[in-house]
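Colleague: Protein chains in written order, with this note's numbering: chain A, 1 to 373; chain B, 1001 to 1327.
Take these hints with a grain of salt, some might be off.
[Stated by the list, open to error] Some but not every residue of chain A turned toward chain B, in silico, with C-beta under 10 Å:
| id | residue |
| --- | --- |
| 1 | G128 |
| 2 | G132 |
| 3 | M164 |
| 4 | I194 |
| 5 | V199 |
In short, the hints are calculated from the structure, not lab data.
Ideal placement from N, C-alpha and C gives every residue a C-beta, glycine not left out.
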Amino acid sequence: MPMLVGAWNSAHMSISRFLPDFAPIAPFSRLSESGILDSGSAPMSDAAVIEALRYMVLTRVFDDKATSMQRQGRFGTFSSVRGQEASVVGAATALDPKRDWIVPQYREFPALIRHGYPMENFALYFMGNPKGGTIPPEVNMLPMQISLAAQIPQATGLAWGLKMQGGEGVVITFFGDGASSEGDFHESLNLAGIVKAPVIFFLQNNGWAISTPRESQTAARSFAERAIGYGVEGVIVDGNDLLAVHEVTASAVAKARAGGGPTLIESVTYRTGAHNTADDPSKYIDQQELEKWQQKDPVVRIENYLRSKGIWNEELAKEMHDSCAEQVDAAMNIARNTPLATSDALFDHVYAEPPQRMLDQQADWAKRNGGVL
Amino acid sequence: MSEKTMIEAIRECLTQEMQEDSRVVVIGEDVGVLGGVFRATDGLQAKFGKDRVVDMPLAEGVIVGSGIGLAISGLRPVIELQFLGFGHQAFHQIGQQVARLRYRSQGRHSLPLVIRSPFGGGVRTPELHSDAFEAFYTHTPGLKVVAPATAYDAKGLLAEAMACDDPVLFLEPLKGYRLTKDEVPDERYRVPLGKLRIAQVGTDVTLIAWSAAVNVAQRAADELAAQGISVEVLDLRSLNPLDIPGIKESVSKTGRVAILHEAPLTGGFGSELVATIQQECFYDLQCPIIRISSPDTPYPLGGVEDLYIPDVDRVVSEVGALARTSA
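So that you can see chain A by itself, here it is in the shape it has in the complex:
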């Protein structure tokens, strides 16, 4: 890091300034764009890489299926992970689902599935059925967050609380470059630094907040360097490099578990799909830039890595794709065959001890149309 800190020096009548124009730091990476590992040892076993690749392929299959169902009116507005699969999966595979927590935004499908959130619940949520919000008791996650950045203080408090109670759990929270403009992001990094919360702030810099480019979010050269201002460690990583993301996140998890406190990880990636199914990126996206990033496809890159090791071929790829398609179809079928919610879905779980007035309303609603929405 460049030297930023100085002091007022009256003898020389000079003011030390905190200048933003230092050279940007290259993101940490392990794989070349063609999938060749650098000279170091691989941070993941081959079996772990193949398992991670499966989550990436599963995501692609799910995204395609959900998008096509949305076009047919069978799925709600939905944000795909396209382009960011290595970023999400690399981070998720560094977690131990038994003790670590995920505090998501809404573009982290594979992380939630790996952690144990049922795929049919994920689908139900986007089909507009409140039952989709159901998180099984053994799954350590919070519901998806739509109010961007609001999850970040919650993740910080959760991590702090786990630490206070002597637990070993680590919390990871996901958000984007846009959400990092919210006060919640800054307030949370500040608090996490003070209480040394075992939390990982995983910022996916995918270039866009709907149509607003990354340059309009901050004049800072990187998002990672903002960590310095909060006494927190910041790291910048190539988000399309599965091995690099996994390695960086695993080291942040190990540090947090050992009592070393929080880390801000900026994962530099690119949203090669639309913001969501209601969005039309052709209105704002630079086609050349998009094509440049499409060339850096994270799935192709990790497949090339496996090929370079002689353990991957078209046949295995097809087998994986087909098995993922089966899994997605099964989940979508469960979701489609789940009965529509009744009017009780408006009232159940609002309170642990509901006020009588709401219970009266619940009874009234149930009477109308037999409670069927």
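Given chain A, work out where chain B should sit, using these hints.
Modeller: Below, chain B without anything else, positioned relative to chain A:
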């Protein structure tokens, strides 16, 4: 049993509940060494340590937001928002997150979390400290809103709020902290949410109030008694849940209703009460319900706040006129 101020009752409650349940933690601005700007948490940090009584950075959003996380981790946080006027800095966390997490997770994550906050005026605070913003929060499904008027209720309702698995906004009257003094048992006890208190029995007019306004209502009722008007003063204690049967019972007896609150008129919680009473008790009413409130203007500087908040004289005059309105 001894006479205690409201602030002493609150402190005693926090101390006893923290002793009883190691999951209770207190977080907020200046709650540690200082014991809070009103001393509600005085001595707690010395007794329970810095991990359980935490001075937070000055950022209401993350104070409330991290409280959500603490609750999910298995703790039972009591958050002190230094003044409700600063609650807007945390409004997104309270309204959209605290109040909804249980519903959004389909019951997986309950939030046993209490947000304590002084509110209301009458003590010459600087700007933006004194607003009675309770209606923002009663319009927030999933959040319970409690507003005690006496020291006895403050202790018992706070204990109940802390035992509750729903999030509770616990509003404490700035003006009542030291002014309110009554008999408070030394031992632990609870006062249930959603049961109003008849602060004074009467037959001619039902005067509904909560928090600091209850004291104003009672003083006005005393003066009106001298004029031969018998006023029943209802102290709502909690706004959500609301004791509708208790209100009906009184209104069916008196047939005349006045609602007193410190908040501005339009959209105040009084509007909700008027609508509820006319629907539930229309045929018991002998005349229109009146609301005695502040005007629809921002809370002013302290030098003129006595012109703003309804005082005893105004209540006497308006309730007196109401009592004399012919059916």
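Colleague: Take the hints in turn and mark each one as holding or not.
Modeller: Hints, one by one, checked against the model:
no.: 1; hint: G128; verdict: 14 Å, violated
no.: 2; hint: G132; verdict: 8 Å, holds
no.: 3; hint: M164; verdict: 6 Å, holds
no.: 4; hint: I194; verdict: 6 Å, holds
no.: 5; hint: V199; verdict: 9 Å, holds
Hint 1 from the earlier list is the only one contradicted by this structure; the remaining hints agree with it.
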